[in-house]
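Novice: Sequence:
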Amino acid sequence: MSLRLTSTTDLAPPDGPALAHGVLLLPPHPTWDARRYTGPRAGDLDASALQGLPGMPRLIQHHNLVAVIATRPDHARAAAARLAVPWRTPGAAPQRARAEDDARDGPAPLAEAHYRWPLAGADHAACWAIACPGPDGLTVWSSCPADRLRTELTALLDLPATRLRLLPNGVRQDPGANDSVALDAAAVAALLSLHAQQPVRVDGADLWLPHASAVGVSARLERGAGDAPGPLILHTDGAATPRPSLARLLAHDIVGAPPGDAPPYRGGVVAPLTGPVSLGSLADARGALRAAQVFAQESLQDEAADASRADPVAWRLAQLDDPRGAALIRSVAERAGWQDGQPSTWAAGPRQGRGFAYASVIDDSTEPPTRNWAAWVADVTVDPSDGAVALTRVVVGHDTDTLHVPAVAADRITTDIHDQTQRLLRAPAGFDQPEGASPLASVDPKAHALAAPRVDLVGGAGTLAPPRDLQWSDAAALPAAAAVANAVYAATGVRLREPPFNGPAARAQLAAPHASRSARRATTAWLGGIAAAACGLVAMAWPWKAAIAPVDAPDLSLYSSAAIERGRLVAAAGDCIVCHTAPGGQPNTGGLALDTPFGTIYTTNITPDRETGIGAWSYAAFERAMRQGVHRDGRQLYPAFPYTAFARLTDGDMQALYAYLMSQPPVAHVPPPTELAFPYNLRPLVAGWNALYHDAGVYQPDPTQTLQWNRGAYLVQGAGHCGACHTPRNALGAERTGAAYLSGGVAEGWEAPALNALSRAPVPWNEQSLYAYLRTGASAEHGVAAGPMAPVIHGLSALPDSDVRAISVYLASLQAPAEAAALPDAAQRIARLEQASAADARVFPANGERLYQGACAACHETRDAPALFGARPSLTLNTNLHSARPDNLVQVILNGIAEPADAALGTMPGFRDSLDDAQVADLVAYLRARHAPDQPAWEDVAATSRRLRAAHDGAAAQASNVTSTDAALRRAGP
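The sequence shown begins at 1 in the UniProt record's numbering and counts up by one.
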């Protein structure tokens, strides 16, 4: 690429007006076949769609790479949403044949099985890159490892490595984390900067691609002459195939992929992919693929040896033509005291077993490439009562053919092995933890601690004496998973084909053989469960609850800082501070007036003040209130407090929330008492309501869905209590269920639109638009957050990126199923509606158009004028304009947006003092006719305006009343 380079010498990344922000327009369903890009291709684009948009956006196209750069990231995203890319789906390419050995007909294999290896997604929020062209080359600030990035940019840009200056961007980088997304961001930024001849920043959050939750490996051991083992063939599903950067795939089309590691046994082969696979964002695709292949090959070898009644070690040695690898295997077996046909203990009590695994791989990241050998013997015990697996001893051998591999102290190696085995045996992160969160960040870290196994180390060249220092690489840990799984099989006769090995599914398999012995006991337990459930129903409906005695302040030293931080995130997800803080009041001191059909309810003080807050509440009292809706003193709480959702919290999150609230400063404050009219003032009646409508059960994950989906469902249904606003209620104020869940409701005079398939959004919501809206408070395809939703966005800003993404995944799954090609994008929808309004026989309301031109057009006109400040959402795509009711549009016109979800969005003035109800109705009629011409006109908008204006005035007076009362109490003193 011969492009003129401008100058920069600063070691700090550029900022300010000279820095452009780039957004890549990802093709729908991008795929590749490990050699070339096979997804939709970009046709010629018309850049005129960007005229008049803010931020001076520019279109950049390089083959199938389409991007927009602008002066601000929100302007670039808005321009990208406006641009209609004519993606053309290529014709179906003939599938490549598998390897010859994989396709031929022949005798049945000795062994064949399918294995899965869990994959971790990359963290997009922390990834960004800036590229700046200069006279001597290109400078790139990134968190991607420099060696990998230099190789990629050299191939992408046709620039010699000497003209690339790679600098860290200051983002903390864990080994292996963020590699794919960081590489994508840096490569896209580099390509765009050379095209634009200016510095360009690209954020990883704009390069989001869905990724598989696991890589699948099918392994087959062919039958050789005389039933001897033949070639071992591995075939992966492509989920973790290491790929080049998105920029190189889209810009150059044909690239090469590093080959997979062939099994080290005679004739071993890795079969190529048989068709295109989806591009995904993985934290460490190369490492995951290697680990998956070794796990499959060594597990299958153990299965074949068992079927042939052969010793697992001798079985492998018979297939090796590698003297150095064979020497390491013999050394490890000797150190472990391995005996032919290792017996397993099948008597009562813990079952014991021993397993073996081996790996030989080439590390091509070094120069010259390095071959590493590793062998493991693992001893385990399995508790027959619950299937829990404990690793008691491992013997680990490692050898390398170069001195470039660093020598590491034995105690450091032992620590690394402990970490590896902990990950294999610990249950995976639950749906109540953010993605990537350590299971140790719980209320009780000891509950997750696993006993460390005894570790014996064996060096290369047959070293049996304990080495003080040993050459060590990541490849040394590759056989760990298969060794443990093989040991579990030796102990129980159960094959585990997917780690980790202490999760619920694995434990259920390992404890299954004992189920028949306790059938009678299970039947008794089932009958007892029915009786307990009946008693529980009666107890719930019983109106009188006992008080729980007050306690001294809890000892916060019992809770770790990680537990309190976890509680802070739970509180942020639940927006506790929003409802429990009155206008002008101190956080969490209560007094906010909640209007309900049954009267006004005032929120309570939840600071740890002993007299006026929850400082004297034990955890038992707190949990009862959160799960059952019962005050510490035994009073029934009104379900305006959403305990119906908070009951879904797990014990870990509930305890963490209690710890966090109790760690906050106590504030003495008595909110106004709730006084409802008869009969709603009879709190015991709520017990009957609970019996009819309240399920106090903890959220149960859906085993057919991914962990990310379950995490999102848990947040939406539990702490987030989204249904409290977005679900319609029956005559008694209970949320409707079934298809009505999240189908739309009313909150504080605003319509909470449907979040499911009944959404009236003109452009269907998807994961990316939901993520953008929840993360920033604005979606270019749907509008900005206003009213009660703005504080929700504030609360979500405290959550990790993985949580917001999980919520988006869950909510997107509730949308109407349809083929992606049939869904209109933003540009198509705008074009259709503008054509419809132009062809409509109706004439726009003249007075409404004059009002619009005088009060609204300066900021909202999207055709020619630039934006004056903040965001300028498309009114044509705004969900409120297409709703069945005008409430939200009238609310915004009357009251504006004084406190946006994000300051960058800008404020909007209200027109309640300058427009009367008739003028509001005229303006609304014009907006509806112009921007939603396919929807019927709203009726009696003036009456809606009067109603909402009166409600707002009443709420303001009430808030002023509460503030005045508080001030008087403070002046009076205690």
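Calculated from the structure, these hints are not laboratory results. Be careful, since some hints might not be right.
[Claimed, not checked] Between beta-carbon pairs, the in silico distance windows are:
1) G170 x E112: 43 to 53 angstroms
2) G493 x R223: 19 to 29 angstroms
3) L558 x A734: 29 to 39 angstroms
4) P800 x S213: 11 to 21 angstroms
5) G599 x N766: 19 to 29 angstroms
6) E112 x R309: 17 to 27 angstroms
7) G170 x R223: 37 to 47 angstroms
8) D934 x F598: 37 to 47 angstroms
9) A620 x P679: 27 to 37 angstroms
10) R163 x I254: 16 to 26 angstroms
11) M56 x R610: 40 to 50 angstroms
Just so you know, these numbers come straight off a predicted model, no measurement behind them. The beta carbon of each residue, even a glycine, is placed where N, CA and C say it ideally should be.
Novice: Confirm or reject each hint.
Specialist: Going down the list of hints, with the structure as the test:
1. The hinted window of 43 to 53 angstroms between G170 and E112 holds, with their beta carbons roughly 49 angstroms apart.
2. Under the hint 19 to 29 angstroms, the C-beta atoms of G493 and R223, about 24 angstroms apart, fit the expected range.
3. Between L558 and A734, the C-beta spacing of about 37 angstroms keeps the proposed range 29 to 39 angstroms intact.
4. Checked against the given bound of 11 to 21 angstroms, the beta carbons of P800 and S213, roughly 18 angstroms apart, stay inside it.
5. The hinted range of 19 to 29 angstroms is not satisfied by G599 and N766, whose Cβ atoms lie roughly 40 angstroms apart.
6. Hint check: E112 to R309, Cβ distance near 18 angstroms, so the stated range 17 to 27 angstroms holds.
7. Take G170 and R223: their Cβ atoms lie about 57 angstroms apart, and the range 37 to 47 angstroms is violated.
8. Checking the proposed 37 to 47 angstroms range against D934 and F598 shows it holds: the Cβ atoms sit about 38 angstroms from each other.
9. Hint check: A620 to P679, Cβ distance near 30 angstroms, so the stated range 27 to 37 angstroms holds.
10. Under the hint 16 to 26 angstroms, the C-beta atoms of R163 and I254, about 24 angstroms apart, fit the expected range.
11. For the hinted restraint 40 to 50 angstroms between M56 and R610, the CB-CB distance of approximately 59 angstroms leaves it violated.
Checked against the numbered hints above, the structure breaks hints 5, 7, 11 and satisfies the rest.
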